[in-house]
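Trainee: Listed here are the chains, written in short residue letters.
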Amino acid sequence: MNAADNSHAHGKPGNSLWSDAYLRLRKNRLALASFWFVMLMLTLCFVAAWFCPNPDKIDLENKFAGSSVSHLLGTDQLGRDIFARTLFGGQISLLVGFVATTLAIGIGVVIGAASGYAGGRTDAVLMRGVDTLFAIPFLVVVIVLQVVIAEQTKDASGWVVDNWGWDKKLTSRIANIIPLFIALGLFGWLTLARIVRAQVLSLKEQEFVEAAKALGYSRFRILFRHIIPNTLGPTVVYATLTVPGFIMYEATLSYLGLGVEAPNSSWGILIRDGANFLETEPQLLIIPGLFFSLTLLALNFLGDGLRDALDVKAAKD
Amino acid sequence: MLRFITYRLLQGIIVLIALYTITFFLIKAMPGDPFTGEKNIAEETKQLMREKYGLNESVFHQYFLYLKNVFTEGSLGISTSKAHSVNEMIGQSFPVSCILGLTALSFAIGLGVPIGVASAVRKNSWIDYSGMALAMVGICVPAFTVGPLLQIMLSMKIPLFNVAGWETPRDVILPAITLGLVTTAYIARLTRSGMLEILSQDYIRTAHAKGLPVSRVVCKHALRGGLLPAVAYIGPAFAALISGSFIVETIFQVPGMGQHFVNATKARDPFLLQGVVLFFGLLIVIMNLAADILTGFLNPRVRLDQE
Amino acid sequence: MDMVFPSIQEILEVPRIRKILRDPLRGVLTAIACLSLWSCEATSSVEVASRDGILIMGNSSEPKGLDPHVVSGVLENNIIRSLFEGLVIEHHSKNGEYLPGVAEKVERDENSTVWTFHLRKEARWSDGHPLTSEDFMFSFERILTPSLASDYSFMLYYIKGAEDFHKGKTTDFSEVGVSAPDPHTLVVKLLGPLPFLPEITKHYTWFPVPKHIVLKHGKIGEPFTDWTKPENLVCNGSFKLKSWQINDHIEVERNPEYWDARNVGINGIRFLPINNSYTETRMFASNQLHITYRVPPEMIAYSGEHYPKNLRTEPWIGTYFIRCNVDAKAFTDKRVRKAFSMTIDQKSIIDNVTLGKQLPATGLVPAFGEYPASTPVSFDPETAKKLLAEAGYPNGEGLPDIEFLTTDQDSAKALAEALQAMWLEHLGVTVKIRQLEWTTYLDTMFKQEYDLAAGGWIGDYLDPLTFLDMWIEGGGNNRTGWSNEQFEALLDKVQQTGDQATRYRLLKEAEELFLEERPVLPIYWYTRNYLISEDVRGWNPLILDNHPYKFLKLKAAD
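First to last, the protein sequences are chains A, B and C. Throughout the first sequence, residue numbering follows this note's numbering, covering 650 to 966 in sequence. Throughout the second sequence, residue numbering follows this note's numbering, covering 214 to 520 in sequence. Throughout the third sequence, residue numbering follows this note's numbering, covering 183 to 740 in sequence.
Don't read these hints as lab results, they were simulated from the structure. Any given hint might turn out to be false.
As the list claims (entries may be wrong) - Derived SDA-like pairs: lysine to any residue, alpha-carbon spacing no greater than 25 Å straight-line:
1) K351/C <-> E256/B
2) K287/C <-> P312/C
3) K818/A <-> I615/C
4) K370/B <-> E716/C
5) K511/C <-> T802/A
6) K241/B <-> P931/A
What the hints assert, rightly or not - What the simulated footprint calls covered on chain B by chain A, stretch by stretch (three residues with Cβ under 8 Å from a Cβ of chain A suffice, anywhere in the stretch; the number is not a length):
7) 233-241
8) 350-358
9) 371-381
Only a predicted model underlies this, so the values are computations on that prediction, with no experimental measurement involved. Positions of the beta carbon are idealized from the N, C-alpha and C atoms, including for glycine.
Work the whole structure out from these sequences, hints included.
Mentor: Put into structure tokens, the structure is as follows:
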């Protein structure tokens, strides 16, 4: 706890959790720098990308070219622009990271908190359910989903194109990603639920919960207003940890036909493909790898900043 | 306590049956069958093969027969893709995965907990930042990149280790590092956040106020509670570590269990897949139970037997 | 990313550093001891193995078993070939020729329909039991017994009555055209003339299994018995099974009972199931392997630079092609199929994507021996455009959506992307790539739920027939929906003649017809790229890649 935090919290005792948190976040320079870095990356991927050369344009005469004016960071094994592919790949990866993490937090926190708070039979059923899901072979589920859902989304996207007049290419890109989200959403929350539950178990015996009970608040209100906000610290930390996992998973799933369709790419796919060139053309791994790692590092420090800012106990002083 | 454990183990059996049921029907839902190969086999021959493995029976017959064999004989069936019984395959590969997983976990805990604690105690210092950056790098660099990098640096450039293989005790080191790196990062991050939570609590401040040295406060008082989130994570992570990892095993040529999951899935080998999944399920049940018991021990305020 | 390394090294050194701080002298001594122990072990596996006469081979994956009658596959074949020996064996340096195996002499009647094999009297199983024609009779009956469910038993369908017996139309094995007039003579009666029968008998489906051992562990057609377990396996090849650790290794050692044991040049072979080809290349580079199973495409040029003496590129009997679903609306017209074929720049694909010095497939059957390659397949975008316009799709307009089915393998995606770009550039057609997990891909292709599908074929034996007879109507590996009466009539004629020149002429005619119809778009003929240590002597290029191990020698390089 640094002095600035304390004095600040004392200065504005009546503020809500969120505005307090915002003010504290602004004091954290590393978190702030990280925030701007993430913003920069978002701009690059979602705005600047459109000014790049066509990422799918193959030019076999010009493979493994070094960096030049026409190819800022050189070209890959099929003569495609690495910079453009990395930026367009970032769109998919950031989207996957964001959606999958949101799903994981949403499901994980609710199930974990409910399980820990209710205890008894509810807890047993929910947690044994988590155990079961944890042991189900992910690859098998993906292969089944690939068959079961891929057809459905294909039909649905055809319908959307016909009836709503959406762009065919865009629709099919979206349609391919939806089963991916389902696969990730189905399994991404399991460990998070266990962590939240463990947190809730220790919180629910604490004085402030006793106090809330004594005040006659409903279980629902105690859970959502008092307990869950207190679990946010570990939740945010764990969630930022899982983002890279989700992004890399996407690459595996895309290879299995569930996700991004070639020649489109993502950071995960670029890194996976690049790893094969480790000895021969390492830049194919290093460039997407750096974009990926730096973005996640920034997200991580941002997550830390958020965690500190949300630290209710620090604020109570 | 005993009642709690018995109760949880009974629940475990239900978990395993549920797991078996889901896996069984998922396998049936996968396209292709165990006899789908690159060179197509005549339908008559396929029929003979189905008879050979009892796959010509009705689905419900197959479902109950396997369950019966598991519970009465402890037999997990015969692999359709490799000429071995599933028990034999797990028997040979589990000890390997176990050694590798334990080494990886010791590495992860031995490195992750100190980093996490140091980062929490010296919050927002360079120790904290570099520790956490290191952890994040551990998470961002996937095993299929770390493994080859280690091979190139520590086997080819500086010939300290074999590139791959499982012959000398030394061969465990590189795969264990590769396998444990992500776990290390998770443990470091979770320990840090758990410690921060605890360090801000009143009883720790009281301890500080009483003039106890920092190291004593941290080790004696804070560590117990600070490890809670990490422990909740380690339960399933441990089960996953000792049941093998396909990527690490194929990169380092380790004859562990992880390959069975992927190979059995690709080969649509129902018995091998059900066998390893059930075995993994059993590990999960046990490890999560252990994690919960450990949670109770670390945090006496959590009551185990809530029934 | 390099940040990982210092940290790990630091960690490895921490205990040592601590010890040194506590007790400097002991620390230094320990460190010296550790380092010296470490360097003692530094002799590479290959050096030790070469000295001991053990060949270490990468073998891609764990075998599905070692029973020659039950398994099928290249990597199983590699191991089985060391353990068992058929009537004749592969020549160590010449394609399409054979050397005596269990049979010391082979005779045939004038139209190559009745064959007599004279078995050597000194042939023995590895347990010392004599090997007689009775074992061969038993083996043929076993592989054809329906309940064994061998997936390769059709390799014996050339024998009179074999197919009927296998399909259960008769249960009397005496109706099958094999007989054993005495313990050292085996007579095989075929359905028709087959001048290259010895080629066929090199296949492991024709190998003998020990009757006395197989029956000890179960009945003749019983599929799961323990006779192939390391402690039970009895074989007749130049080597016998020493140890078998799942996913780790299979080791074979010299078989002293082998009839030609004196001339076997090495003491044993260690087969390693190395799935990851990058790992395999690195293992070779650090002297852990004598021979790799393959070299990944990205590493071929690199290996050529770094290990020029070790990299070998040899033709292999296989063709990579794309199947067209002729029942799919787009590909019913052969002009469209041809247009797609003519816009594949084979050379560019080989130079930029597959990178293994493969040969552009100008026809379906790769050239070998006296069978010349066909040449109608070529890169000709101008004609292709005309053909597509003639078919009613000028510049690809009006074509329905086309999906290109491919697998989850690394190289498959780059190839698909390159093809996609070529078709877009030359035909103006955007083909959608559909990548699927391997078995799902096979299932989808077998059900013919595709427009275009990547595929390939490796010949089972050295004859063009192995590439052509799969395209008959309803053939299990056809899967294109294509069939042609004239084509089948030609193949029927081939079965009737024993004269090699006439056969080849008819087969060529059939191939030309097939290529004119173009139900598949040939891309390249396979090559095998691998790394081999200079210690290995006597490993010659063979188009079927079935190297007989007994002629190999290991000698430490100077």
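Trainee: Now look at each hint and say whether the structure bears it out.
Mentor: Results for each hint:
{"no.": "1", "hint": "K351/C <-> E256/B", "verdict": "16 Å, holds"}
{"no.": "2", "hint": "K287/C <-> P312/C", "verdict": "18 Å, holds"}
{"no.": "3", "hint": "K818/A <-> I615/C", "verdict": "13 Å, holds"}
{"no.": "4", "hint": "K370/B <-> E716/C", "verdict": "22 Å, holds"}
{"no.": "5", "hint": "K511/C <-> T802/A", "verdict": "23 Å, holds"}
{"no.": "6", "hint": "K241/B <-> P931/A", "verdict": "42 Å, violated"}
{"no.": "7", "hint": "233-241", "verdict": "holds (count 4)"}
{"no.": "8", "hint": "350-358", "verdict": "holds (count 7)"}
{"no.": "9", "hint": "371-381", "verdict": "violated (count 0)"}
Figure legend: structure checked against the earlier numbered hints; hints not met, in rising order: 6 and 9.
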